[in-house]
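Q: Here's the letter readout for the chains.
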Amino acid sequence: MTDTTARLSVTKEPVRNTPAPAPAPRRARVRRHLTPWIFLIAPLALLITFTYAPIVNMIAYSFTDWDGVSPELHYTGVENYTELFTRSELFEVFFVSGYYLVASAIQIVAALYFATILSFDVRFRNFFKGVLFFPYLINGVAIGFVFLYFFQDGGTLDSVLALFGYHSDHAWLGTPFSANSSLAAVSIWRYLGLNFVLFLGAIQSIPGELYEAAELDGANRWQQFRHIIAPGIRPVLTLTVILSVSGSLSAFEIPYIMTGGATGTETFVIQTVKLAFQFNKTGLASAAALVLLLIILLVTWLQRRLVPDDKVDLV
Amino acid sequence: MNRRHILALAVGSALLAVGCTGTGGTSKGAAAEAPDDPAKVTGTIKVLTVRTDLVQDGTMDEYAAEFNKIYPKVKVKFEALTNYEAEVKIRMNTENYGDVLMIPGVIKKSDYPKFFASLGTVAERGEKYRFTDYTAVDGKVYGQTADGVMPGFLYNKRVWQEAGVTDWPTTPDEFLADLKAIKSRTDAIPYYTNFAAGWPLTSWTFVNGTVHCDPRATTKIAEGNPWAAGADLRVGDTLLYDIVHEGLAEKDPTTSNWEASKGQLAKGQIATQWLGTWAIIQFRDAAKKAGADPDDIGFMPFPAQTGGTFCATVGPDYNQAVNVHSKHKAAARAWLDWFTEKSGYADDNLAISPLKDAPMPTVLKPYEEQGVKLIELDDSKGAEVKAIDTESEVGINTPDYRQELVDLARGAKKGSLDDYLKSLGQKWTETQKNMGS
Numbered sequence: 001m002t003d004t005t006a007r008l009s010v011t012k013e014p015v016r017n018t019p020a021p022a023p024a025p026r027r028a029r030v031r032r033h034l035t036p037w038i039f040l041i042a043p044l045a046l047l048i049t050f051t052y053a054p055i056v057n058m059i060a061y062s063f064t065d066w067d068g069v070s071p072e073l074h075y076t077g078v079e080n081y082t083e084l085f086t087r088s089e090l091f092e093v094f095f096v097s098g099y100y101l102v103a104s105a106i107q108i109v110a111a112l113y114f115a116t117i118l119s120f121d122v123r124f125r126n127f128f129k130g131v132l133f134f135p136y137l138i139n140g141v142a143i144g145f146v147f148l149y150f151f152q153d154g155g156t157l158d159s160v161l162a163l164f165g166y167h168s169d170h171a172w173l174g175t176p177f178s179a180n181s182s183l184a185a186v187s188i189w190r191y192l193g194l195n196f197v198l199f200l201g202a203i204q205s206i207p208g209e210l211y212e213a214a215e216l217d218g219a220n221r222w223q224q225f226r227h228i229i230a231p232g233i234r235p236v237l238t239l240t241v242i243l244s245v246s247g248s249l250s251a252f253e254i255p256y257i258m259t260g261g262a263t264g265t266e267t268f269v270i271q272t273v274k275l276a277f278q279f280n281k282t283g284l285a286s287a288a289a290l291v292l293l294l295i296i297l298l299v300t301w302l303q304r305r306l307v308p309d310d311k312v313d314l315v
Numbered sequence: 001m002n003r004r005h006i007l008a009l010a011v012g013s014a015l016l017a018v019g020c021t022g023t024g025g026t027s028k029g030a031a032a033e034a035p036d037d038p039a040k041v042t043g044t045i046k047v048l049t050v051r052t053d054l055v056q057d058g059t060m061d062e063y064a065a066e067f068n069k070i071y072p073k074v075k076v077k078f079e080a081l082t083n084y085e086a087e088v089k090i091r092m093n094t095e096n097y098g099d100v101l102m103i104p105g106v107i108k109k110s111d112y113p114k115f116f117a118s119l120g121t122v123a124e125r126g127e128k129y130r131f132t133d134y135t136a137v138d139g140k141v142y143g144q145t146a147d148g149v150m151p152g153f154l155y156n157k158r159v160w161q162e163a164g165v166t167d168w169p170t171t172p173d174e175f176l177a178d179l180k181a182i183k184s185r186t187d188a189i190p191y192y193t194n195f196a197a198g199w200p201l202t203s204w205t206f207v208n209g210t211v212h213c214d215p216r217a218t219t220k221i222a223e224g225n226p227w228a229a230g231a232d233l234r235v236g237d238t239l240l241y242d243i244v245h246e247g248l249a250e251k252d253p254t255t256s257n258w259e260a261s262k263g264q265l266a267k268g269q270i271a272t273q274w275l276g277t278w279a280i281i282q283f284r285d286a287a288k289k290a291g292a293d294p295d296d297i298g299f300m301p302f303p304a305q306t307g308g309t310f311c312a313t314v315g316p317d318y319n320q321a322v323n324v325h326s327k328h329k330a331a332a333r334a335w336l337d338w339f340t341e342k343s344g345y346a347d348d349n350l351a352i353s354p355l356k357d358a359p360m361p362t363v364l365k366p367y368e369e370q371g372v373k374l375i376e377l378d379d380s381k382g383a384e385v386k387a388i389d390t391e392s393e394v395g396i397n398t399p400d401y402r403q404e405l406v407d408l409a410r411g412a413k414k415g416s417l418d419d420y421l422k423s424l425g426q427k428w429t430e431t432q433k434n435m436g437s
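The listed protein sequences derive, respectively, from chains A and B.
Under full-length UniProt numbering, the first residue of the first sequence carries the number 1, and numbering increases by one thereafter.
Under full-length UniProt numbering, the first residue of the second sequence carries the number 1, and numbering increases by one thereafter.
For the record, the hints were derived by calculation from the structure and aren't laboratory data.
Certain hints may be false.
The calculated BS3-like cross-link candidates involving lysine-lysine, where the alpha carbons are at most 25 Å apart (straight line), are [unchecked claim]:
#1 K274(A) <-> K422(B)
#2 K422(B) <-> K109(B)
#3 K108(B) <-> K274(A)
#4 K427(B) <-> K274(A)
#5 K274(A) <-> K414(B)
#6 K157(B) <-> K288(B)
#7 K274(A) <-> K413(B)
Partner residues are not named here, just some residues of chain B that face chain A (Cβ under 10 Å, in silico) [as the list claims (entries may be wrong)]:
#8 V88
#9 I107
#10 P253
#11 T254
#12 K342
#13 T390
#14 Q403
#15 E404
#16 G411
#17 G415
Glycine included, each C-beta is placed from N, C-alpha and C at the ideal position.
Could you build all of it, start to finish, from the sequences and the hints given here?
A: Here it is, written out as structure tokens:
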């Protein structure tokens, strides 16, 4: 945000100054320097109040033994962090993220597939775009409840399977493997639309002449994808992978609403919420939340290191 | 702003934030005295409650109208919270958490004087009311329940009779045999865990005290291992494990549905659930809605006898308290007293009255006939049990540990019951030692 405004004021300056080469009066200069900040007051106030202040508070709590409500809290130093890192079982829940990682891979491939197909001339393509994006617009809590009925014994999934002659007697949320796979499938359903829209936007920004030229050269659809689309959308692809990995590490909504973390579906965030609100260890939970934040920052940094964000040059 | 500045700002505000947290202790120790003259009490008070149903259907307003006949100048407003514990907890970081509220479980007993106004001494309130020691700190009482509750099995009498069971089972083994009879002779699900909702599983903690008829059961938990051989919680948890392990519970617990389960029990699709007296009225209403006979809903004690008689523990439901920061403490106290004594709330909910001299509700007639002994647990060590529980993260009042128990029993999680209960006991006793030292 700061960047664009700063740039704007810089570009304006020479334009204004050209007719009068003499330096502007002092008051005008002050005002010019103040103007961008006046515009920034509202967004900065919101950003600080709702993003940075809570984080700062959380960091502060992570060094205390606060229970979330008592007026008394004691500074305990790094005790929470020592406890966190000496209790390996607190990190075991990251295995559950593996299910969501696999789901993200499937999700990206599927989104890429649909985005490619729908960027060409297909019948009813706007309708299909809508269908694919729609789940992302629904509230996550509603999705959780809908899918609870979907997976119920004799629920939607079972009756649909029965239509095809398959009478399953499977408790979809019954075992850790099945439950986690089902939940990950729900999250594919939910976030596919977002990835799809990102990819579609990127694909459509590729100039149309390139396809025409490729077709004249006799390139088939796969070759067009391989040599035009894939390199053309690389920045968006990298971004999506980063978002997916951090999303998998911090999966929360869907498993929390659907199973509450029972039957081995507990993720790191659910565990943190339970520490804070079931066992009233707000201090420890804040430390855990901060550790998760650091892990995600680290993973993102690693990814940026491994896949640098090169300039795309198709022509 | 470069990175160093941001860091400096962060550290600076962090220190500030720690200093600012909390409500301070200015009003600590204030008392809410009962007003002498009803006509002189004035003010608008806000009452926080969990009974969303009663606020929505206007029952609470009817209570308020009755209250206004005696206290004409007090205006009572209600606010019902669906997720009471979580929402009130956050609100209690400010001074605005209603004038009358129910004490959330998270508040440490020793902090009661900082949040609530005292209602009087244990000695004077103990003469008239039950359960005073549950909210007593240093001889003063800070909360008062409007209804007493008792844990027990809600069951469908018709289904149990169809299975050929007429007498209440007296041992866990007999109970299991009866459930098996229900499974083989009727279409009903013998026992419903309500695994998905989670909280109904926490009622199994209230087995405590009923197995050995010991009023000092809570103290025993505070000082010993709750899962030692023969201990109350072990007996209860083993029964739950066996029920699920023998296939006597619903087929897919993970998608069970609490709201639907009420009607299913009323109609006889479910035979039994371990809950408490508070649930009877809800299940009867569900029976009326489902077109079934409300009188089919029965209530029975835990299958264990001491000296040939059943035992049942009576305890308080949520305790109401007056906000220590309230500007209308007299009005708040007036409402609290009136609601406890004169509103008829306990009767309306088929619950046990908090007044010592009140008769037992009619639904508990079978209890009187069978000579079930009612005991009140001594809660003087209740705060310690809570402290050990949260510190050790065992969670006897959270669903997680019994959900794991059910997962073990149905084979979704590997391991044996013995090992599981042993590990719980170890966590518990180690925390006990650490906290004692």
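Q: For each hint, tell me whether it holds in the structure or not.
A: Going down the list of hints, with the structure as the test:
1. Restraint check for K274(A) and K422(B): satisfied, since their Cα atoms lie roughly 23 Å apart, inside the 25 Å limit.
2. With a C-alpha separation of about 29 Å, the suggested pair K422(B) and K109(B) falls outside the 25 Å cut-off, and the hint is violated.
3. Between K108(B) and K274(A) the alpha-carbon distance is near 18 Å, which keeps this suggested pair within the 25 Å criterion.
4. For the proposed pair K427(B) and K274(A), the alpha carbon gap of about 18 Å is at most 25 Å, so the pair holds.
5. In summary, the hint linking K274(A) to K414(B) is supported, as the alpha carbons are separated by about 23 Å, within the 25 Å threshold.
6. A threshold of 25 Å between alpha carbons decides the hint, and for K157(B) with K288(B) the separation of about 16 Å falls inside it, so the pair holds.
7. The suggested pairing of K274(A) with K413(B) holds, with an alpha-carbon distance near 20 Å, which does not exceed 25 Å.
8. Because the closest C-beta pair between V88(B) and chain A is about 9 Å apart, less than 10 Å, the hint holds.
9. Against a cut-off of 10 Å between C-beta atoms, the interface hint on I107(B) holds, since the closest Cβ of chain A lies about 6 Å away.
10. With a least beta-carbon distance of about 8 Å to chain A, the hint placing P253(B) at the interface is held under the 10 Å criterion.
11. Look at T254(B): its Cβ gets to within about 4 Å of chain A, closer than 10 Å, so that hint holds up.
12. The beta carbon of K342(B) comes no nearer than 32 Å to any beta carbon in chain A, farther than 10 Å, and the hint placing it at the interface is violated.
13. With a least beta-carbon distance of about 5 Å to chain A, the hint placing T390(B) at the interface is held under the 10 Å criterion.
14. The restraint placing Q403(B) at the interface with chain A holds, with a minimum CB-CB distance near 4 Å, inside the 10 Å limit.
15. The closest approach between the C-beta of E404(B) and any C-beta of chain A is roughly 8 Å, which is under the 10 Å cut-off, so the hint is satisfied.
16. For the restraint placing G411(B) at the interface with chain A, the shortest Cβ-Cβ distance is roughly 8 Å, inside the 10 Å limit, so the hint holds.
17. Proximity of G415(B) to chain A is violated relative to the hint, the smallest CB-CB distance being about 12 Å (cut-off 10 Å).
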